[in-house]
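Can you join these two chains into the complex? Each is in its own frame, and there are hints to help.
Residue numbers (the working numbering), protein chains in the order written: chain A, 23 to 151; chain B, 2 to 150.
No wet-lab data here; the hints were simulated from the structure.
All C-beta atoms in this analysis are idealised placements derived from N, C-alpha and C, irrespective of residue type, glycine included.
This list has only true hints and no planted wrong ones.
Keeping only pairs whose Cα atoms sit at most 27 Å apart, straight-line, the calculated BS3-like set for lysine-lysine is:
id	chain 1	residue 1	chain 2	residue 2
1	B	94	A	71
2	B	72	A	71
3	A	71	B	150
4	B	45	B	72
Covered by chain A, according to a simulated footprint, are these stretches of chain B (three or more residues, beta-carbon under 8 Å):
id	stretch
5	37 to 48
6	88 to 97
7	121 to 134
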Amino acid sequence: MQQLPSADLYGRIINRINYEERLLSLKRRIFCSCVGLIFSIGALVPVLKSFYLDMQSSGLLEMLSLSFTDFSIVLSNFGDYAMSILESVPVQSSILAALVFTVSVFCFSKIFDFAVDFRRMHNSLPINQ
Amino acid sequence: MNFKELIQKIELKHFKNIVLALVIFLVILLVFSAGVFVGIEKTKFSYGWSKNYYNNFVDRPFGPPPVGDPKHFKAHGLTGQIIKINDKSLVIKNINNTETAISVPEMTIIRDENNALKFTDLKDGENIVIIGSPNSDGQIESKFIRIIK
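Looking at chain B on its own, in the form it has when it is part of the complex (with noise of 0.2 Å):
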């Protein structure tokens, strides 16, 4: 039997659903795939987040240093409060009452509805949301600050 009598013998309404079952098939790989570096991303970020702890918001250490939960930590991006400004840094305060240190370097666009604001501009208390990449050092390197109302 060759190729074609074999796509022959099987019925064109057996071979959609072949099809059908490879894409649903490739569609669950490809979310829990997703999942998985989601997952590696948050996890590594927040090992970074409490290798770092003390740098970041502790003058003086005092006992380990806090085992951050992955599960509350983002890496790419986040909303909260500004608690601590820094000098090139800040530090806010997620609604899971989380700290997490953002350093903003000066390519950072910061934005106020429709105006551009300076690092400088930015004040405690304030909502922001940021758009930015995890460093080495456990913080956020921001690209993009929008404070919200």
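For reference, chain A alone in the conformation it holds in the complex (with noise of 0.2 Å):
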């Protein structure tokens, strides 16, 4: 006697259907992700090397250092103080570095929610299906 495929076969298959597609476009996120980081961290190095070296030669630490130990002078001459700090700022190499550690930060945030996701999606799944 030929067995007859129960009722709900379909749905079944179609939800492993929708199973499979998310988990697919799941890992693509997670490898565009982590691609990511790895060049973000890879630029991170080099990036911060040239920031430092740019807080060094731009003698802004130096700039920073007198609001402590001269703070009612500073204040006295508050227009020219906050100027030399402005002309001190090490632009390029600071936006260079804020950029790079934004987009680290963020390929790790987004690597963790799809990380959490796929664990959702692989527990919401029945061991049947």
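Here's what the structure looks like:
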């Protein structure tokens, strides 16, 4: 006697296809985020080194230290002090360092989110499907 | 449609987004303006530096004066090493090997740690931080000098 398929077979197949599609999409996004993270961390080292050297050569730290050692004098010459700080800021390397750091943190948080999604999807899949 | 109806028509969420976009735009505009202002100050100072190069640094003029790169100049304060002490001014060299002439009026406050110093106490080779303002002679007129170790 021919055995008939169960009534919910169609629904289970469709669910499984949806699950595989979502899994594939998630894997692609995890891969892209991992590549982004690897590149941004690779770029972070030279960018931070350049930022550190620029900070040293700009004299910004010495200028900032004046606000701790000679606060009253700094206050009385605040306009010139503020201008000297603005002139000393290494703009390009600061922007680059902030950008690369932000991309690293963003990629890391995305990987974490995707990993949580992946675990949730995996747990929601019934064993018999 | 009057103004009240228009306000009601715009959803609160959109209104918040518009305000946020305006604030971001204003901040960007402010930063850009600050950059332009600082750039103009540096360029003015580098022009004055080139124009007065022989008066400030060299006794015997020879050839055209060098043209200063504005990005290496700071018109309101800098750090560097004293390389020459004149009568009422000094010359310092910063880490980019750019010389800058500093005029030191009598009212300039000079300090080393907690001690107040006189202009005559300054020595060649000392590292200093200066706050001041540019003058028309291509110098920084110092208001405060601190010796750093």
